[in-house]
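J.: With the hints as a guide, bring both chains together as one complex.
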Amino acid sequence: MKMLMIVALLAANPAFAGDTTPADQIARFSAEAGQPADAARGKALFSANHTGGKPDTPSCTTCHTNDPRKGGKARTGKAIEPMAPSANPARFTDTAKVDKWFGRNCNSVLGRDCTALEKADVIAWLASL
Amino acid sequence: MRYILPFLLLATPALAGGDYIQPVTDPLTQAECSACHMAFPPRLLPSESWRKIVGNLSNHFGEDASLPAADAKAIADYLAGATKSAKTVKGMDPANPPMRITELRWFTHEHNGEVSAARKKKAGSMANCTACHRGADKGYFED
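Chains as they are written, first to last, in my numbering: chain A, 38 to 166; chain B, 82 to 224.
Same shape as in the complex, but just chain B (with noise of 0.2 Å):
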């Protein structure tokens, strides 16, 4: 963990007992997005990536996943509150927000190497944290 963001190493101070990142806690959020995949936690991206990500969901990242628009605002509004603005991350321009978390550069520092190409078939996708990482619904993220 030692490439994570500085907006994530600085709200969560609770990293340096072991990789762990606050979990959803709305409940919610967590219902809709783990129909599909784990519920990632709010502090993975900037508040203006949630806005763009769940303000489009009719097409979200290939798939229809659309929702009432007074969920989707109410999921938009807890994940965007419970992150840090783009604004306060070094590189990071508010207006282009990343989109994806595998694309982030502390991602693929983690990762780059560490996933063979049989267990990422196994897991299925790069979003499915908890194939290799057990308790990553939970918040830890430890291998």
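Okay, chain A solo, but in the shape it has when bound (with noise of 0.2 Å):
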């Protein structure tokens, strides 16, 4: 039973087992915001360097790098999984993962939540490349 379930897993997402995908995120945030996403805001905000979050982290390239293809660094020295899902399929595939580095990751480097538009913007960004 449990080799079937797992077959069944595998024959329905062969790249990996999520619960969404980076297009229904963006549909997603977009929704929530009423507005569509677009992603060269979604570029500026990822490689802008803010004031208002953590001193540490003033950029989402701070760890991340300018290349979201590539992998990034966080502070601790451990490796980052490329953000981009054409680097990285596993990405934007969770909504729990989703929901819960936004959250942390907005804080950081914005001081504040990012607003539904951004996120949409952001994810835009990264499932173009």
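One thing to keep in mind: the hints can contain errors.
[Claimed, not checked] Distance condition first, Cα-Cα at most 25 Å in a straight line; then the derived SDA-like pairs of lysine to any residue:
1. A/K115 - B/L148
2. A/K80 - A/G109
3. A/K115 - B/L138
4. A/K137 - B/S115
5. A/K110 - B/S197
6. A/K110 - B/P108
7. B/K203 - A/P92
8. A/K110 - B/A198
9. A/K110 - A/A76
10. A/K137 - B/H118
11. B/K201 - A/G109
12. A/K115 - B/S206
13. A/K110 - B/G162
14. A/K110 - B/G143
15. A/K110 - B/S139
16. A/K91 - B/A153
17. A/K137 - B/K133
18. A/K91 - A/L154
19. A/K115 - B/D152
20. A/K134 - B/G143
21. B/K202 - B/W187
22. A/K110 - A/G140
23. A/K134 - B/W187
Treat the hints as calculated values from the structure; they're not laboratory data.
T.: The following block contains the structure:
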């Protein structure tokens, strides 16, 4: 029985066993914002230096680097897998994980929650790479 | 490991067989801590330290590492229960427990002069135990 379930899961979703997709997450946050996502705006937010957050993490790029198709590095020294789904198909496939990390990292970098539109924009940019 | 904290020695008789320190055995603690860094062995800090650290995850050494309250409580309970109270450690103030493993005396004794600038740069941070201690995540800290 267990084996059957695993086979069924693999067949349904060859790359990962998540509950969502990047496109679904963009749609979700766009709907919440009432506006379409804009990848260029997402890139600007991701790449900019911000001042409202914690001093050690002024930008998303502090840890994720300027090229999300490549891996980054946490302040602890731990490697971070690429953020772009083209380089890392597991990205944005787990709703709880998306919410958890936007919650943490927006606060670390911006000193506040990201708006729904900002989340839609950032995922739209990452998914476009 | 001569300068290791007394509570650590008392807690780990297996230490005699090498620099082994029981790693995290709780799956939730393992998963959440190791998302950003090796899940440090509970016995490296006293209970009071873990309570204070896990009680302030929204500002976790300069980053927001927030967790749902129930998860944070479960992790704090596990870590605090898997080590000793600061009350049992000579010279440690339970009301003002150490917040960083890297500031403990045995740690600085073990590492001062041992870690070159190049090595530290490669590791990224002194929190990255496995950069030099390859088996650290399994509890083995020999060089």
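J.: All the hints need checking, so say for each whether the structure fits it.
T.: Tested hints:
| no. | hint | result |
| --- | --- | --- |
| 1 | A/K115 - B/L148 | holds (19 Å) |
| 2 | A/K80 - A/G109 | holds (16 Å) |
| 3 | A/K115 - B/L138 | holds (18 Å) |
| 4 | A/K137 - B/S115 | holds (15 Å) |
| 5 | A/K110 - B/S197 | holds (20 Å) |
| 6 | A/K110 - B/P108 | holds (24 Å) |
| 7 | B/K203 - A/P92 | holds (22 Å) |
| 8 | A/K110 - B/A198 | holds (18 Å) |
| 9 | A/K110 - A/A76 | holds (24 Å) |
| 10 | A/K137 - B/H118 | holds (17 Å) |
| 11 | B/K201 - A/G109 | holds (17 Å) |
| 12 | A/K115 - B/S206 | holds (9 Å) |
| 13 | A/K110 - B/G162 | violated (32 Å) |
| 14 | A/K110 - B/G143 | holds (15 Å) |
| 15 | A/K110 - B/S139 | holds (20 Å) |
| 16 | A/K91 - B/A153 | holds (21 Å) |
| 17 | A/K137 - B/K133 | holds (22 Å) |
| 18 | A/K91 - A/L154 | holds (22 Å) |
| 19 | A/K115 - B/D152 | holds (22 Å) |
| 20 | A/K134 - B/G143 | holds (21 Å) |
| 21 | B/K202 - B/W187 | holds (22 Å) |
| 22 | A/K110 - A/G140 | holds (19 Å) |
| 23 | A/K134 - B/W187 | violated (37 Å) |
Consistency note: the structure conflicts with the earlier hints numbered 13, 23.
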